[in-house]
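A.B. asks: Please model the complete structure; the sequences and the hints are all you need to start from.
2 protein chains.
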Amino acid sequence: MAAMNTPSPAVPDPSPDLLQRAAAVRRSAMALGQCSDQERRAAVEAMAAALEAHRPAILAANQADLDAAAAGLAPALVARLKLDPAKLDGAIAGVRQVAALADPLGRRQLHTELDQGLVLERVTVPLGVVGVIFEARPDAVMQIASLAIRSGNGTLLKGGREASCSCAAIVEALQAGLASSVVAPQALELLTSREESLGLLKLDGLVDLIIPRGSNELVRFIQDHTRIPVLGHADGICHLYVDAAADGDLALRVALDAKTQYPAACNAIETLLVHSAVAPSFLPAATAAFAAAGVELRGDAAAMALGVPHAASEDDWGREYGDLILAVKVVDSLEEALEHIRQYGSRHTDAICTRDAEVAERFLAAVDSAGVFLNCSTRFADGFRYGFGAEVGISTQTLPPRGPVGLEGLVTYRYRLRGEGHIAADYASGQRRFSHASLPL
Amino acid sequence: MAAMNTPSPAVPDPSPDLLQRAAAVRRSAMALGQCSDQERRAAVEAMAAALEAHRPAILAANQADLDAAAAGLAPALVARLKLDPAKLDGAIAGVRQVAALADPLGRRQLHTELDQGLVLERVTVPLGVVGVIFEARPDAVMQIASLAIRSGNGTLLKGGREASCSCAAIVEALQAGLASSVVAPQALELLTSREESLGLLKLDGLVDLIIPRGSNELVRFIQDHTRIPVLGHADGICHLYVDAAADGDLALRVALDAKTQYPAACNAIETLLVHSAVAPSFLPAATAAFAAAGVELRGDAAAMALGVPHAASEDDWGREYGDLILAVKVVDSLEEALEHIRQYGSRHTDAICTRDAEVAERFLAAVDSAGVFLNCSTRFADGFRYGFGAEVGISTQTLPPRGPVGLEGLVTYRYRLRGEGHIAADYASGQRRFSHASLPL
Chain A
1 MAAMNTPSPA VPDPSPDLLQ RAAAVRRSAM ALGQCSDQER RAAVEAMAAA
51 LEAHRPAILA ANQADLDAAA AGLAPALVAR LKLDPAKLDG AIAGVRQVAA
101 LADPLGRRQL HTELDQGLVL ERVTVPLGVV GVIFEARPDA VMQIASLAIR
151 SGNGTLLKGG REASCSCAAI VEALQAGLAS SVVAPQALEL LTSREESLGL
201 LKLDGLVDLI IPRGSNELVR FIQDHTRIPV LGHADGICHL YVDAAADGDL
251 ALRVALDAKT QYPAACNAIE TLLVHSAVAP SFLPAATAAF AAAGVELRGD
301 AAAMALGVPH AASEDDWGRE YGDLILAVKV VDSLEEALEH IRQYGSRHTD
351 AICTRDAEVA ERFLAAVDSA GVFLNCSTRF ADGFRYGFGA EVGISTQTLP
401 PRGPVGLEGL VTYRYRLRGE GHIAADYASG QRRFSHASLP L
Chain B
442 MAAMNTPSPA VPDPSPDLLQ RAAAVRRSAM ALGQCSDQER RAAVEAMAAA
492 LEAHRPAILA ANQADLDAAA AGLAPALVAR LKLDPAKLDG AIAGVRQVAA
542 LADPLGRRQL HTELDQGLVL ERVTVPLGVV GVIFEARPDA VMQIASLAIR
592 SGNGTLLKGG REASCSCAAI VEALQAGLAS SVVAPQALEL LTSREESLGL
642 LKLDGLVDLI IPRGSNELVR FIQDHTRIPV LGHADGICHL YVDAAADGDL
692 ALRVALDAKT QYPAACNAIE TLLVHSAVAP SFLPAATAAF AAAGVELRGD
742 AAAMALGVPH AASEDDWGRE YGDLILAVKV VDSLEEALEH IRQYGSRHTD
792 AICTRDAEVA ERFLAAVDSA GVFLNCSTRF ADGFRYGFGA EVGISTQTLP
842 PRGPVGLEGL VTYRYRLRGE GHIAADYASG QRRFSHASLP L
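Keeping their order, the protein sequence lines are chains A and B. For the first sequence, our numbering begins at 1 and goes up steadily by one. For the second sequence, our numbering begins at 442 and goes up steadily by one.
A hint or two may mislead.
Said to hold, decoys possible - Going by beta-carbon spacing under 10 Å, a handful of chain B positions derived as facing chain A:
| no. | residue |
| --- | --- |
| 1 | GLN461 |
| 2 | ARG549 |
| 3 | LEU568 |
| 4 | LEU815 |
| 5 | GLN838 |
| 6 | PRO845 |
| 7 | TYR854 |
| 8 | GLU861 |
| 9 | GLY862 |
| 10 | SER879 |
Said to hold, decoys possible - Quick list of simulated restraints, FRET-style, between CB atoms:
| no. | chain 1 | residue 1 | chain 2 | residue 2 | range |
| --- | --- | --- | --- | --- | --- |
| 11 | A | GLY106 | B | GLU776 | 18 to 28 Å |
| 12 | B | GLU802 | A | GLN97 | 52 to 62 Å |
| 13 | A | ASP356 | B | SER656 | 47 to 57 Å |
Stated by the list, open to error - Example chain B residues on the side facing chain A (calculated, C-beta under 8 Å, incomplete):
| no. | residue |
| --- | --- |
| 14 | PRO670 |
| 15 | PHE814 |
| 16 | GLY860 |
Note that these hints are calculated values from the structure, not bench results. Quick reminder that beta carbons are idealized off the backbone N, C-alpha and C, glycines included.
C.D. replies: So, in structure tokens, the structure goes:
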């Protein structure tokens with residue numbers, strides 16, 4: 001809240017040029033939103049074909065970005081920035097997969113006869129225009145742009161400075177693809193400067209949703225500086241609770257996967273809670289296994305007494321390491337584990353390992369996170385793994401959409417009411433009565 | 442946006458006392474959220490019974506508010522503030538109706554086998570804690586409190602100063618009702634001072650949704666000063682477009698209802714758009730009918746030439762009169778009508794009268810409002826009329842929930858994944874594959 005009450009000279013008003021371009025995207029999006037399923041699908045396929053045609057240009061542009069970055073970037077960032085032929089092919093295949101997804105638009109969610117001849121329906125429609133801000137991952141441009149067009153939305157894209165040549169080449173290809181379809185290329189617009197990226201945050205009324213894809217700091221800055229809804233999450237502080245009734249081998253296998261399978265992911269665990277009844281048998285084995293996997297364990301006093309080599313400080317609880325480090329705490333009850341998660345969790349994904357069905361159901365009912373898992377790795381919290389085909393982002397907000405969000409995060413709905421001259425006064429007077437009869441969807 | 446970048450000394454940090462009370466509501470809400478359908482239903486019924494038992498005290502408190510207000514209040518405000526025996530009985534009956542509503546919790550929205558023994562479900566759960574700020578309508582306290590308890594949510598209530606005695610007496614009754622149920626009375630908390638009301642806006646992490654019920658100014662102030670999601674709408678600028686192919690009698694009947702049936706409502710029309718092809722026949726008759734109904738018409742030059750008595754200025758478009766005043770504009774095409782609505786509408790509810798099915802479908806597809814109506818009054822945009830049983834509020838936002846929002850506005854969902862030791866590495870390595878088989882809901 002502090003940020004909202006602080007002057008932010010860092011966020012200037014959008015320039016007239018940006019306002020004009022955003023309005024053009026919005027106009028194109030309104031036409032796009034009325035295209036048929038087949039037309040939008042064909043447009044995304046045309047985007048994939050154009051990416052293939054522009055392959056050499058895209059790879060060259062990416063090499064230029066890599067050359068420019070050369071000395072300055074951390075290896076992890078270079079890895080994200082790099083678009084080799086295999087990665088580009090994968091991204092193009094991903095665009096084709098998005099084309100093949102079922103149409104999220106025009107789905108009737110509600111259908112009610114309010115009275116004879118007065119029929120209400122609720123149907124899915126596009127959001128309108130989506131603003132996407134991401135750091136150095138050129139493949140994300142292709143993914144998000146294809147999801148947006150598939151679901152009938154215009155898009156303002158802003159990539160990281162390090163990926164500027166790659167993004168320009170990719171968007172040029174995507175627009176060339178759209179030009180060969182019925183969708184206007186203006187439905188996709190690339191923002192290039194920091195000023196434009198900040199101006200985007202103030203495009204209320206022109207942009208309906210902002211999706212940040214990047215560091216916690218990026219997401220938090222955006223959440224603090226825009227009134228436009230933001231789909232995303234700053235923190236991913238996931239917990240695994242090993243219950244008194246846990247199968248020790250199963251729990252260790254799950255814990256190792258949840259920490260080490262991809263430690264930088266938001267759905268990797270950061271804290272392991274172990275019930276004191278099993279800690280004496282579980283923790284020595286776990287300590288050895290985590291050490292072998294290169295994971296640094298930081299424990300409370302009870303955990304250290306059972307072999308955890310490093311001491312955890314208060315700062316370690318609720319911390320997102322994003323690395324091969326894991327905090328470990330011994331708890332005396334399910335309630336203590338729940339209270340710890342309540343206090344330090346980020347409502348992303350939390351898991352329990354137990355064979356006790358009653359304890360399992362209590363945990364699944366009580367933990368207030370987007371994902372609550374039993375006897376499996378938190379790493380499954382992902383749109384692809386959930387079967388959504390593609391992921392727009394992961395939200396840790398309370399309100400829907402939350403958790404991994406597929407195409408449904410890019411659509412909203414509208415009520416349509418068709419009558420034959422019906423007026424409210426007739427119902428207020430009691431002359432007519434509502435039937436409220438459900439009709440088939 | 443300006444407000445976000447301006448220091449707001451008007452919004453102080455919550456006091457330690459408020460933080461403590463809000464935390465108590467949250468704790469009570471977590472227990473409430475795990476109550477069964479029957480327990481929550483019984484709690485709401487106990488609230489209704491307690492309201493009946495406290496009837497004399499509530500009516501006396503309301504009289505005290507009325508006496509205190511006496512000279513100072515506008516008649517419309519006194520009418521909203523006044524709680525006579527009939528109105529109180531109606532409100533208590535409303536609480537009983539809420540008890541009878543179908544349980545919004547525990548509904549399975551998705552059920553997928555990700556792999557053998559690894560099953561995902563998405564189930565509805567309460568939001569947590571709802572903050573409700575309303576002006577002088579004591580009946581709203583009973584309605585919102587019962588909806589919140591029915592859906593498993595804790596509630597912080599803040600009524601207008603004018604209704605302070607009434608609200609205190611009502612909340613005392615509601616808490617007494619809860620005390621005779623399994624739900625803790627602390628799940629409902631009444632805020633009494635302006636400082637607390639402002640502090641509520643900063644209870645991020647303790648309050649999940651704020652519902653303002655009051656003037657446009659109240660709603661806008663809240664939207665500008667909180668990071669907590671707000672369910673509501675500032676403006677209701679609804680249009681009716683009388684197409685070239687409209688049935689004139691039907692259109693006039695609908696227009697009169699949409700303007701006059703309750704002009705202060707947000708779903709009443711503020712602007713009438715009339716196609717130039719029918720304006721010469723429609724407008725003279727409409728002018729006479731609206732004059733007879735006491736409505737002041739303000740038209741553009743073309744409308745005035747056809748009998749509309751007053752001139753509309755640029756300020757009249759997009760203005761919410763909330764009164765017996767209607768702006769009238771003659772347009773030359775459906776496109777001009779759509780463009781006018783796009784420019785001046787508030788995305789609440791807009792209607793068309795036409796016999797041309799193609800024009801109707803184009804209007805229903807193109808207008809980007811929460812409600813788009815054909816040949817019926819905009820006054821039907823209401824949760825009760827839509828058949829939702831009760832209304833939490835009406836939202837004009839793009840993202841769901843939008844339009845009239847019933848109990849579903851007070852629930853969210855959670856993903857539960859149950860496995861048998863499943864780890865992500867097995868799928869990354871290709872050793873196992875996802876089945877993503879839909880299971881019955």
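A.B. asks: Against this structure, judge whether each hint is valid.
C.D. replies: Hints and how they fare:
1. GLN461: It is violated, given that the least Cβ distance between GLN461(B) and chain A is near 16 Å, above 10 Å.
2. ARG549: Since the shortest Cβ distance to chain A is 13 Å, the answer is violated.
3. LEU568: 6 Å, holds
4. LEU815: 4 Å, holds
5. GLN838: 8 Å, holds
6. PRO845: OK, holds: PRO845(B) within 10 Å of chain A, min 8 Å.
7. TYR854: Since the shortest Cβ distance to chain A is 6 Å, the answer is holds.
8. GLU861: OK, holds: GLU861(B) within 10 Å of chain A, min 6 Å.
9. GLY862: 4 Å, holds
10. SER879: At about 9 Å, which falls below the 10 Å cut-off, the nearest Cβ of chain A leaves the hint on SER879(B) intact, so it holds.
11. GLY106(A) - GLU776(B): 18 to 28 Å: Cβ of GLY106(A) to Cβ of GLU776(B): about 23 Å, so the range 18 to 28 Å holds.
12. GLU802(B) - GLN97(A): 52 to 62 Å: Cβ of GLU802(B) to Cβ of GLN97(A): about 32 Å, so the range 52 to 62 Å is violated.
13. ASP356(A) - SER656(B): 47 to 57 Å: 53 Å, holds
14. PRO670: With a minimum Cβ separation of about 5 Å from chain A (threshold 8 Å), the hint on PRO670(B) holds.
15. PHE814: With a minimum Cβ separation of about 5 Å from chain A (threshold 8 Å), the hint on PHE814(B) holds.
16. GLY860: Given a least distance of 3 Å, the restraint on GLY860(B) holds.
Checked against the numbered hints given earlier, the structure breaks hints 1, 2 and 12 and satisfies all the rest.
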